[in-house]
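Chains as they are written, first to last, in the working numbering: chain E, -12 to 566; chain H, 108 to 298.
Don't read these hints as lab results, they were simulated from the structure.
Note that the structure is predicted; figures quoted are calculated from it, not measured.
Beta carbons are placed, not taken as given, at the ideal position from N, Cα and C, and that holds for glycine.
You may find that some hints are simply not true.
Here are some, though not all, of the chain E residues that point toward chain H, as calculated from beta-carbon distances under 10 Å [unchecked claim]:
1) Y225
2) K298
3) L317
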Amino acid sequence: MKKLMIGNEAVARGLYEGGIGLVSSYPGTPSTEITEFLAKYDDLHSEWAPNEKVAMEVAFGASLAGVRAACAQKHVGLNVAADPLFTLSYTGVNGGLVICVADDPAMHSSQNEQDSRHYAIAAKLPMLEPSDSQECYEFAKAAFGLSEEFDTPVILRTCTRVAHSRSPVEYGERVQPEKKPYEKNIAKYVMMPGNAKMRHPVVEERTAALARFAEDCPFNRVEKGGSEIGIIASGTAYQYVKEVFGDSVSVLKIGMSNPLPAGLIKDFAAGVEKLYVIEELDPVIENFCRGIGLDPIGKSLFSTVGEFSQKTISEAFGFDPKPFVSSDTLPPARPPMMCAGCPHRGMYYTLAKNKVTVLGDIGCYTLGAVPPLSAVDSTLCMGASVSGVHGFMLASGKDADGKTVAVIGDSTFMHSGITGLVNIAYNGSNSTVIIFDNSITGMTGHQQNPTTGYNIKGDPAGKVDLEALCRAVGINRVRVVDPYDLAECDKALKEELAADEPSVIISRRPCVLLKYVKTAPPLSVDPEKCRSCKKCMGLGCPAVSMKGGKAHIDSTLCVGCGVCEQLCPFGAIGKGERS
Amino acid sequence: MNTVNIMIVGVGGQGSLLASKLLGKLFTDEGYDVKVSEVHGMSQRGGSVVTYVRFGDKVYSPVITEGEADFIISFEKLEAARWAPCLKKGGRIIVNTQEIDPMPVITGKAEYPSGILDELTAKGGAVDAVDALSIAEEAGSAKAVNIVLLARLAKYFDIPYEKWTAAIENSVAPKFASLNEKAFEISYNIK
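Just chain E, with the same shape it has in the complex:
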């Protein structure tokens, strides 16, 4: 059977055919669809966990019980799960365990461009690195066997251009292995010092065995071309090399990024006059080559920043640029922005108007940082708004009192905001936290989470009561506002900032893009009444602009949220056709 699949669907298909029995993940671009595609199958358990650490530990539990399991996350998600990751290397597995991680070179939808290969080296785990959808399928399918054969979790690493590129996949049938029996083994699975000391040498022996396996494994291969130039490449960089050179140079394609095959690399280097290493992000293969006495050309020619393309490579080799249709027009930038009718906008407008310092977080609402609202002061990682505001308040004393908040989405709050709130209550800072509860995980494409009342398959599920949760950890002042009501937002914000104890405002309204959300008819501007004060422009709504000196509302974008209507001092904005 053959089908055009994005890399993530191919990974899911490979894991499925490889006999996966459980997947637990937290969504994160560009990894999300792996778990979404697995959720389409009914003969395995799939779930969204509150965060990546929980997800990996759930997968560990399933593996311990004897079932093949996986978790999937973006690169920064692996930071969250790094704690179980490093010690899972010591315990090894019972049922095969595959850890999928998707890097985002060029940061299409991320806050940094870290290179996950460092995790494989640091945690001493094998890492497979496919370069197209067919390999995503094959490597994912093979990963369970590798995991069980070497008694180790296997990391499957992709990047945006592999995870979100579509290419043909020849696929087969699911083979579900028997569940392995669970046998109590304290020495292997209880990692207290006495046992862990015994396990570390096992890990070192395993790494040596994997390095021998890497020498002639199916994941690495030599493609012989000329003997003048030899290029070592992995992942998507391999595709760009082939695009530029075809079969005219020799290529060592690395599909297993850790451990690397020293013998294979040395043999390859010996057969070519000039050796190059072409890899996105950090010089991982290059540094390994130097460690075994080779001197390849790598990062002296190719950047550690951003993603590559065929152009990167042909420029580096000094090939003539292709003639193109130039344009002298300098197009104004088109950055992403909050949608028309986005429920975050009303609260952000209120924060900007009151000149509040806002420690922000990760999600659609990070877009509150872009002009004209420019309402966010910091964005670091999942949950850092809530933990950070506590430190900011304590350090700033009276300077920050009454004019500083944390903002965090519902899903991010469940991910790692709640621990920060516990800290605020426990260690007593006068912090105000605003939960932007749009009842969905928005930015990654509408995934359910523990506050929505539905599970990954859309079936009814346990639902966290945010108000009760905040009160339970020790916050006495908890109130809910509708962000479409500017007066209510302003009142709540001023009162909670003035209060002499920590507080939580839940700014609650579902994402306007959700299918069940009924939108109102578009609003319009009465040009006779509009006095061009541009107050409505301060919202940064894509539906509102100035046309011929007067405010104008684009009826194809407007969802009638009414926030601009509340702002207009002259009553120029209203429902229906206005003369």
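The hints should help you fit chain H onto chain E, whose structure is shown.
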């Protein structure tokens, strides 16, 4: 055969993903090797988006770079100017004449540039300008803009008309199939 490179550019949320998926499947069914590269996540929130579709005997890279595109389908006029440097000399650029103001224009920090199409023609692009929004609305829904633009592209390929309409039928929800086929027909038959 040499690889054929098609870029689909526009504003996040305009439906370019459906167009690229449809093309990918169509060329696969024609027996070609195919790669399609998409961008999801933050860039979909009203930002400038680009999708690459490549097909041929053997396709390696999933992306298209400077001077490589045989065709660019631009769902919005300004985006045609932004991505023009990817168009090869003499390459064809199908442009929806619809204007969507980006935030710097909305806030008055920048002006929406004029004369984009004339400039593209002067610089060696073969411009096919189409008011896709009006045609889509004529067919019954503004959402059919993507199908209207695909119909313009279809004219430059030897793939039979029926295969295009079958691909549309396979890609859209059944209740929208006839609407989209109508949009395709109107656009395809414009000289």
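So, going through the hints one by one against the coordinates:
This hint holds: Y225 of chain E has a C-beta 8 Å from the nearest C-beta of chain H, less than the 10 Å allowed. The criterion of a C-beta within 10 Å of any C-beta in chain H is met by K298 of chain E, whose closest approach is roughly 4 Å, and the hint holds. Hint status for L317 of chain E relative to chain H: holds, with the closest Cβ pair at about 8 Å, below 10 Å.
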